[in-house]
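Visitor: Based on these hints, arrange chain Y on the given structure of chain P.
What follows is each chain in one-letter form.
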Amino acid sequence: MTEMVYGAVPFGDGEPILPKWWRTIDKWSMSCVMILFVIGLLLGLAASPPLAARNGFEPFHYVQRQAVFGGAALVAMIITSLMSPTLVRRLAVMGFLAAFVGLALLPFFGTDFGKGAVRWYSLGFASLQPSEFLKPGFVVVAAWLLAAGQEINGPPGRLWSFVLTVVIAAMLVIQPDFGQACLVLFGWGVMYFVAGAPMVLLVGIAGFVVLAGVLAYSSSEHFARRIDGFLSAEVDPTTQLGYASNAIREGGLFGVGVGEGQVKWSLPDAHTDFIIAVAAEEYGLILVIIIISLYCSIVVRSLLRLMRERDSFIRLAGTGLAAMFGVQAMINMGVAVRLLPAKGMTLPFVSYGGSSLIAGGIALGMLLAFTRTRPQGEISDFLRGVGR
Amino acid sequence: MIRTPLRPLARILPARAKGENPDAIERENLNRRHEEIEAKARVRAESRLLVLSVSFLCAFVVIGGRMMMMATSEPSEPLANAQGTVIANQRADIVDRQGRILATNFETHSLYAQPPQMVDPLAAAKGLVQIFPDLDEKKLIKNFTGKKKFLWIKKKISPEQKQAVHDIGDPGLLFGPREMRLYPNGKLAAHVLGGASFGKEGVNSAELKGVAGVEAQFDGYLRDPANGDRPLQLSLDLTIQAAMERVLFGGMRLMSAKGAAAILMDAYTGEVIAVSSLPSFDPNDRPRVSIPGEDPSENPLFNRAVQGVYELGSTFKIFAAAQAMDLGLMNPETIINTRGPLQWGKFKIRDFHNYGNALTLTKVIVKSSNIGTARVAQMIGPLRQKQFLAALGMFDPTPFEIVEAVNAQPLLPKQYSELSAMTISYGHGISTSPMHLAAGYAVIANGGHYVSPTVLKQAGPQLGPRVMSPVTAAASRQMLRKVVSEGTASFGEVPGYAVGGKTGSADKPKPRGGYYNDKVIATFASIFPSNDPKYVLVVTLDEPEVFTLGETRRTAGWTAVPVAAELIRRVAPLLGLRPQVEPAGFGGVTLTSN
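Chains as they are written, first to last, in my numbering: chain P, 1 to 388; chain Y, 1 to 594.
Extracted from the complex, chain P is given alone in its bound form (with noise of 0.2 Å):
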């Protein structure tokens, strides 16, 4: 090796970063995100107000303090996009293990700011959220895995990555943390999905889902009140669920009008799981609609430009990453419209909160970067007359 490139000049390929990374990121996936970003602040400036007056800041402290986060996250988005997938994965192989350590030593020196559950390390001026930032690391790690276990005589990486996907689950429920177990159950599934999960195991897993299901449902008079409940027509007003579903209603098409809003003073979430009841009640069904489709554009763009890409790293990856933060979303948002039961799950880029923003800020990045036009390899195909 050493004697290969001896003496060689470093060589390029002779575009500049910036003009390479303008034509080859995914423009329309980046200005969502900035657009979705605008919107926190703006329902910010709608939620946190209530906040604010119960901790005793002045009525835009956490809209500031959002849009220094929101900057540092963007700032971290492009640095992270105009890596190579290699630097990448390498840092977020780095950050995971960071992350993973965080996380592991939480029992000991995290902090639950009365809630509850140790998720926190308090930083003085901010708390971190190790969780946060484990999960893209994790979807890094796990695509590696995955990735590398499709080689010709290589590791076990599926087993690998799935216990580690177990590990660390494991390690969030004992917080307890429920809501992002699931999710990172639920991204390694995505990745092993697309990385060619035996038609047999996905039906037989499916089936015995719907088998637990109804036996539960059956046997459990608890568990099929729960669900009776969450499928009845009606909610008690004085539940969250049920101040977000009137904040629905109330803000119908066009909503009630800015700073109009009542339910931000009866939510105690209503600047993170419940912004979006927030965001229905003041702009109405339009924004909400504006946001849904921000959302689904990023995800669904990334997956259909990643049907293309040809390094199954980059493609598991990036499908976890995309699928991951699409979940979260559809989750906050599920909950909020009674779809889902209720779980605490921030809506990604626009509910206030420092760790998830950096870290969602990151992880797009991530996803950005993966999902950059690069070549194929279609030439050589076609040279050979393999491709299509």
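No lab work stands behind these hints, which were simulated from the structure alone.
You may find that some hints are simply not true.
[What the hints assert, rightly or not] EDC-like mimics (lysine to aspartate or glutamate), calculated; alpha carbons at most 16 Å apart, straight line:
id: 1; chain 1: Y; residue 1: Lys209; chain 2: Y; residue 2: Glu179
id: 2; chain 1: Y; residue 1: Lys155; chain 2: Y; residue 2: Glu179
id: 3; chain 1: Y; residue 1: Lys367; chain 2: Y; residue 2: Glu401
id: 4; chain 1: Y; residue 1: Lys40; chain 2: P; residue 2: Asp311
id: 5; chain 1: Y; residue 1: Lys162; chain 2: Y; residue 2: Glu207
id: 6; chain 1: Y; residue 1: Lys126; chain 2: Y; residue 2: Glu137
id: 7; chain 1: Y; residue 1: Lys149; chain 2: P; residue 2: Asp269
id: 8; chain 1: Y; residue 1: Lys40; chain 2: P; residue 2: Asp269
id: 9; chain 1: Y; residue 1: Lys510; chain 2: Y; residue 2: Glu543
id: 10; chain 1: Y; residue 1: Lys156; chain 2: Y; residue 2: Asp224
id: 11; chain 1: Y; residue 1: Lys258; chain 2: Y; residue 2: Glu545
id: 12; chain 1: Y; residue 1: Lys40; chain 2: P; residue 2: Glu151
Because the structure is a prediction, the values reported are computed rather than measured.
Guide: Coordinates of chain Y only, in the frame set by chain P:
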């Protein structure tokens, strides 16, 4: 399965033979296979990614669609109904045998607060305390200004109170409609009805749950929405119940007793027409249950007639006599040795007075001789006595349908020896509830059949298995009649109703063993009219004491019997019994003295 060899030996071997390096061939082969795998994986992943994209698109569309449905639906006042459970708040009425209301439902409101919606918590608390003086203002302020989002203030309020709370005008004070259980007759039949309280509570309704008496026993029936317009009909008669409670209360006061119980039972159907236990309570406002350390039997909630078990004393003697006659061992005129005291091991059985050396069986009952009865029991023997008493239902809780009845498990000696048989024959050593006794006397009254005491109205006679022959029953009735006409219960004579009965004055057992000599349970178990008895009446007074004719008297003949006589005098006409007044001039020959 066709395995592709890892190394293309077909090419390597000739290459090796030519002296070429086979590694290049191997690498090329590996590279080719790698590309094949890649291509296959890519094609598969392409389709799966497409599936994934479509599913994400669908999911987002579903969320958007749902959002649109919710947004375009009218904002309606949401129905309070957490977890989809329906709280059934209907409860069937309870009526007496004539269809008069004993328990019904009444619409009222509960008052609750949602502090986050309060405008002026301090003023609200102050106003509330003015309306409800029992509320603590400091505690209210603490609750209203604290982190609580919801609290109940009052479970039931009157319309006037509701208006007053309205006038406070705080949006955080809210009302929930309630159905409450109402007992329009107050204390009447309190122990039978028991009471109801709120179970699961929601903002818009609360579940009514029976906590005692028939309300608890028939909770399932009363709550079943299908029975909403079919009231539960009891055997009680409101008029007679009222008369009984009034007379019994007077009797209890007059005899300075600390408690009293009475049961009026139909001898053929087992229907309990009236049952009362004093002191009583108001089921609309149940007193607290006794705390540990307190004697639960002193609590007004305690049902002395059904729940309490006592040694009921000489009222049991008639069972020994009846059994002896039923077995053919004796007839009413059999002479029994009553020389006292009767020595049995280290125990001596004595009579209240010395009645002489010998008495006929009838006289043993009439004079209430413990020695005579004990001798009868000796002849019967413990085994047969046990069977007989079991057939009378004296060993099991009564089937009377209120939840408290199962607590009345009769107390029996651990070892049912001959001595036990002798003491039990005169009602010591066995503790039963007055309801047990009434059921036993019903057997004598109806001609020998066991009837289960019941609180539900019956269509007709409910005669159970035969316990004694009609002849025995008739002979026993005559003995009971003689107890009143010429024996210990002479105050029990009610002209025209030919009362028959047996007194019992049992010394109360001390909690730590032994008996008090100045505290008795005085019982009078009676049947009337004794020539053709329709009803059984048991009256029990707890620790009665009356100063008459120069001495303090506690025996039933001086205490329970006059109360029972007054009761019969009052209720017999209400029951529709005509007094059988003997025509004047028949000179002492009455219809019942034969």
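Visitor: For every hint, state whether the structure bears it out.
Guide: Results for each hint:
Simply put, Lys209/Y and Glu179/Y have alpha-carbon atoms about 11 Å apart, close enough for the 16 Å limit, and the pair holds. Proposed proximity of Lys155/Y and Glu179/Y is supported: the alpha carbons are some 11 Å apart, at most 16 Å. In summary, the hint linking Lys367/Y to Glu401/Y is not supported, as the alpha carbons are separated by about 36 Å, beyond the 16 Å threshold. Of the supplied pair hints, the one linking Lys40/Y and Asp311/P holds, its CA atoms being roughly 12 Å apart against a limit of 16 Å.
Of the supplied pair hints, the one linking Lys162/Y and Glu207/Y is violated, its CA atoms being roughly 21 Å apart against a limit of 16 Å. Note on Lys126/Y and Glu137/Y: the hinted pairing holds, with a Cα-Cα distance of about 6 Å set against a maximum of 16 Å. This hinted pair checks out: Lys149/Y and Asp269/P have alpha carbons roughly 15 Å apart, not beyond 16 Å. Pair hint Lys40/Y plus Asp269/P does not hold up; C-alpha atoms about 47 Å apart against a cutoff of 16 Å.
Restraint check for Lys510/Y and Glu543/Y: satisfied, since their Cα atoms lie roughly 13 Å apart, inside the 16 Å limit. Annotation: proposed proximity of Lys156/Y to Asp224/Y is violated, straight-line Cα distance about 23 Å (limit 16 Å). The hinted pair formed by Lys258/Y and Glu545/Y meets the criterion: a straight-line CA distance of about 10 Å does not exceed 16 Å. About 12 Å separates the Cα atoms of Lys40/Y and Glu151/P, which keeps this hinted pair within 16 Å; it holds.
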